Amino acid sequence: MSLLAQSIINGLITGSIYALVAAGYSLIYSTNNFMHFAHGISVVAAGYMVYWLFTLAGTPFYATCLITILLSALFGLAMYRLIYLPLQRRGSSNVILLIASIGILIFFQNIIQIAFGSGVKLIGYIEVSRGIAFPGGITMTVLQIVILLISGIIFIMLYQFMQKTKLGRNMRAVSNNKELASIVGIDHIRISDFSFLIGSALAGVAGILVALEQNLSPLMGTNLMIKGFTGAVIGGINYVPGSIIGSFVLGMAENLGILVLPSGYKDAIAFSLLFLFLLFKPNGILGKKEGRFDK
Amino acid sequence: MIFSAYQTHIFILIFIYIILVVSLNLALGYTGLLNLGHVAFFGIGAYTSALLALEGLTYIAAMIAAGLFASVFGYLLVIATDRLRGDYLAMATLGFSFVVYSLLLNLRDVTRGAMGIPGIPKPTILDFTIRTNDQYLIFVLLVCAISVFIMYRIVNSPFGKLLEATRDNAVCLRVLGKNTLSLKYKAMMISAFFAGISGSLYAHYITFIDPTSFYISELILVLTIVIVGGLGSIKGSIVATALIIYIPEVLRMLDLPSSVLGPARQAIYAVILITILMIRPKGLFGKVDLE
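Chains as they are written, first to last, in our numbering: chain A, 1 to 295; chain B, 1 to 291.
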C-alpha cells in the first residue's frame, strides 16, 4: 500500500516538472502555432546556468535563481527574434520552423557538451535534500515539497495571468484567431515576444528544479522536451491548462507503470503514449477542436 | 592502396550515407512524404542485418532481410500516420523514431540494450570475405551505385512521375483515378528498404552498433544533407553528402581533443542546417519547397 502511495507522490513530483516544461511549450505553441522543440534546451541551459553560477562561481543561491530565470527568458526571446521571426518573414512553413528548432536544440546541446563536458554534473545544494517521513510510509525530500509548491503556485499565477490581465487576454486572442486579433489592433509580434519571454522563464524555473532534483547532463534536453511535449499532447497542446493536466497524467503513468513493468520502460511508456495520442486523439483530452488535424 | 586509411574510411561513410540520403529524398523530396523518422529505418536495418549475420545467415541474405524488414516498418508508418498533416505528421514521424530508439534500448533480450552489439562479422560473399577497408570501399561503391541507379530509374519512370504528382496535387491525381494511398505505401516502402540496406552496410562496416547511433543527432545530419542538396534532386543529395561529410574534417587540422571533436561536428551540422533554411531553403539543386 505504501509503495502505491509513494508511486503516486513520485508521479506528482515528476508530473509537476513535466508540467512546467509543457506549460511554457504550450504557451508558445498556442500563440505562435509552431513547434518550438528547442524549448527543451532552454531547460537544460538554465540547469547549467545554475551549475555555473552557484556551484562553480559561488553566487548566492537566490541570486543565481533570479539571474537564471531572467537569462532564460532572454534566451527564448533571442531564439524568436533571431531565428524564427526571420524564417516566418520569408514565408517558411511550420515544418521548416520545426526542423530549425531541432537544429537549435542540437546546436546548444553540443555547445554545452563542449563547454562543460559530457559527464553528469551535481549542483550540491544539500540543504534541500533532507528526507522527511510522512505517515503512510511516504518519504519526500524538502526539495520535492518545494517543487510541488512552486509549480502549484506558478500554475495558479499563469492561469490568473491568462484569464485576468490584458496581456493574457490578448495572448488568448492571438492563439484563437491571429487575423481577427490583428484587425482589432493586437500586435501579434509583440504578443509572440511575450509568449517567448514568459514561456522560456518557465523553462528557467523548470531548469533550476531539474538541476536540483536530478543530475545534469547535456543530452537531457531531448528527453525533457519529449516528456513536456507528450504531456502537452495528452492534455491538448493548444490549451495551457490542458497541457499541465496532461503532464501530471504522464508523470503518474510513468511512475505507476514501472510498478508492473521493468524500470527501463519508463521512457517507452511516454513514447508510446505520445504516439498513441498523436494518432488517435491529436487534440488531447482537453484541447480545443480547432486543432490542425487533417487540414 | 590509393588513398590513406583515413580517406578510405571517409569515402566508405560517404557512400553509405548517399544511399540513406537518396532514399530519404525519394520519400521526402519526390513524393512529398514528410518523414522525420528516417533514421529509425536505418537503425532497424542495421540491427536486423547484424543479428541475422550473427545467427549465421549469409551476408547478402541478411542485407536483403534488413531492407525488407525496414520496409515493413515503412508500411506500418504510412498506415499509422496517413491521416495526419503538417506539424502533427512531423511530430508523429519523429515520435516513431523515438519509439524505435526506446525499443532498441529496452528489448534487451534481443538487442542487448545500451550495451550494443559488438563483433558484427565483416561481409562474406560467395566464400570471399571482405577484410580490408579497401575491399569494403569497393563493395560499398558497388552497392551504392546499384541502389542509386535503381532509385534514379524509379523517379524517372512513369511511376516516379506519379509520385511527384502525389506531392504536387494529390486531389487531381485521385480525380484521374490513381490510388494515391497505394503510391504513398510504395514510395515509403522503397525508401525504407534502401535505408535498411544502408543501415546494414553501416553495421557491418563499423562492426559495433548501439541505439545512440540511430537517434536525433543522426537525424539532423541526414536532414541537413537532404535539404542542402535540395528536395527532389538525386544529384543534389549526392553532392551534398560528399560536401557535408567532408566539411567537418577541417576540424581535424585544429588538433582538437576527441571529446570536443564529436560535439563540434554536430554543432557545425546544426549551423549548416539553420543557415540553409534561412538563406536558401530550396538547397543547391532543389526543385520544391518543404510543404
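Source of the hints: derived by calculation from the structure; they are not laboratory data. Fair warning: there could be bad hints in the mix.
As the list claims (entries may be wrong) - Result set (EDC-like, lysine to aspartate or glutamate): computed pairs, CA atoms no more than 20 Å apart in a straight line:
id, chain 1, residue 1, chain 2, residue 2
1, B, LYS184, B, GLU164
2, B, LYS122, B, ASP210
3, B, LYS184, B, ASP82
4, A, LYS266, B, GLU164
5, B, LYS178, B, ASP82
6, A, LYS281, B, ASP82
What you are looking at is a predicted structure, and each value in this text was computed from that prediction instead of being measured.
Status of the hints after comparison with the structure:
Restraint check for B/LYS184 and B/GLU164: satisfied, since their Cα atoms lie roughly 11 Å apart, inside the 20 Å limit. Taking the CA atoms of B/LYS122 and B/ASP210, the gap is about 17 Å. The hint holds against a cut of 20 Å. Distance hint between B/LYS184 and B/ASP82 is fulfilled; the C-alpha atoms sit about 9 Å from each other, no more than 20 Å. The suggested pairing of A/LYS266 with B/GLU164 is violated, with an alpha-carbon distance near 41 Å, which exceeds 20 Å.
The straight-line distance between the Cα atoms of B/LYS178 and B/ASP82 is roughly 17 Å, inside the 20 Å bound, and the hint therefore holds. Restraint check: the Cα-Cα separation between A/LYS281 and B/ASP82 comes to about 14 Å, which is no more than 20 Å; the hinted pair holds.
Figure legend: structure checked against the earlier numbered hints; the only hint not met is number 4.
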